[in-house]
Amino acid sequence: MPAADPTAEWRELALLWAARRCGALEALATTAGTPEGVAEAADIDPAAAERLVAALHARGFLARVGDEYEPADRMLGFLTKADLRSVGGLPAEVDAFQRWVDLPATLAGEDVPEPPDAVRNELGRAAVLDETRVRSEVTTAVHAAPDGETVVLVGDGAGRRGREFADRGWSVTLLEAPGRIDAVEPLLRSTPVDLRGGDATDLPDCDLVVGVGTLRRHEPAGAREVVEAASDAAGAAVFLDAFYGETPDAELFDVGALSAGEGRVHDVGAVRSWLDAAFGTAGVESVPASPLSAAVGRAID
Numbered sequence: 292m293p294a295a296d297p298t299a300e301w302r303e304l305a306l307l308w309a310a311r312r313c314g315a316l317e318a319l320a321t322t323a324g325t326p327e328g329v330a331e332a333a334d335i336d337p338a339a340a341e342r343l344v345a346a347l348h349a350r351g352f353l354a355r356v357g358d359e360y361e362p363a364d365r366m367l368g369f370l371t372k373a374d375l376r377s378v379g380g381l382p383a384e385v386d387a388f389q390r391w392v393d394l395p396a397t398l399a400g401e402d403v404p405e406p407p408d409a410v411r412n413e414l415g416r417a418a419v420l421d422e423t424r425v426r427s428e429v430t431t432a433v434h435a436a437p438d439g440e441t442v443v444l445v446g447d448g449a450g451r452r453g454r455e456f457a458d459r460g461w462s463v464t465l466l467e468a469p470g471r472i473d474a475v476e477p478l479l480r481s482t483p484v485d486l487r488g489g490d491a492t493d494l495p496d497c498d499l500v501v502g503v504g505t506l507r508r509h510e511p512a513g514a515r516e517v518v519e520a521a522s523d524a525a526g527a528a529v530f531l532d533a534f535y536g537e538t539p540d541a542e543l544f545d546v547g548a549l550s551a552g553e554g555r556v557h558d559v560g561a562v563r564s565w566l567d568a569a570f571g572t573a574g575v576e577s578v579p580a581s582p583l584s585a586a587v588g589r590a591i592d
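For reference, each letter of the sequence shown is one residue, going 292 to 592 in our numbering.
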């Protein structure tokens, strides 16, 4: 059997990005069921359309029904955004690919591109986060406040970690940007997780604050303010994030933040100093089954 192609993942993302950008995905989702129909609707070369459709079919995004093609389950996330769980992770991955493709323009000072449905795509990816990773990250956070009962989560997106905390008996508040509350609310409607609109410094009193990717959304001064706000609200905080000098591929996380126009990855020494100044003790550790590290601050009794 031939070995697995290590380039298949990025080439698949490039295929979807190109099909979305030229209008072929929209055509296949609405009016076109044949390569000829795609070529006409998207105004692309008919021979090229045939090869594009064949690749989408081979990768499981299209199903052959008689003489035509229909969207398969793998394409569902590109067609409907109503239920975040149906969006899945691929649309957000294609958005990230688009930002990296446009990175030269961003580096030259042009505005960061905003892909269509970017927020719902991001939340869709968060809604299907790997369960093993979720449990591991929550377990790491719980260790910071083993006797805690109340937690505020910042940046948890679709609330996967929030539900895990609730399942463990914690009283959970999920703090999200006001513009995301409406999108997240249906996922958490039947759970005890409390949704609250606000930014990362607008924290209610609790036993534990957990930030997910929160620090790298800010420049250093803003990230330090987030840490200080957490110390005002709670006796312990855990920031699940990437840090220079600690997290594998921190440099790629940093360029990813640059491509999205949001903050930067911070040096682990600087983060330790912020936590130590705000809480009294600080530490940084790896998180099993997660690409992120945990920066932990605890108040001195």
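Hints were generated in silico from the structure; no laboratory data involved.
In this text, a Cβ means the ideal position worked out from N, Cα and C, and glycines have one as well.
One thing to keep in mind: the hints can contain errors.
Unchecked claim - Distance ranges between label pairs, derived from CB positions:
1. 341 to 574: 55 to 63 Å
2. 345 to 430: 44 to 52 Å
3. 490 to 591: 23 to 31 Å
4. 398 to 480: 39 to 47 Å
5. 305 to 338: 27 to 35 Å
> Is the distance from the Cβ of residue 490 to the Cβ of residue 591 consistent with 23 to 31 Å?
Replying inline: For residue 490 and residue 591 the Cβ distance comes to about 28 Å; the hint holds.
> Falls inside 44 to 52 Å, the C-beta gap from residue 345 to residue 430?
Replying inline: holds, 45 Å
> For the pair residue 398 and residue 480, does the Cβ-Cβ distance stay inside 39 to 47 Å?
Replying inline: holds, 42 Å
> Given a hinted range of 55 to 63 Å, is it respected by the beta-carbon distance of residue 341 and residue 574?
Replying inline: holds, 57 Å
> Do the beta carbons of residue 305 and residue 338 sit within 27 to 35 Å of each other?
Replying inline: For residue 305 and residue 338 the Cβ distance comes to about 19 Å; the hint is violated.
Checked against the numbered hints given earlier, the structure breaks only hint 5 and satisfies all the rest.
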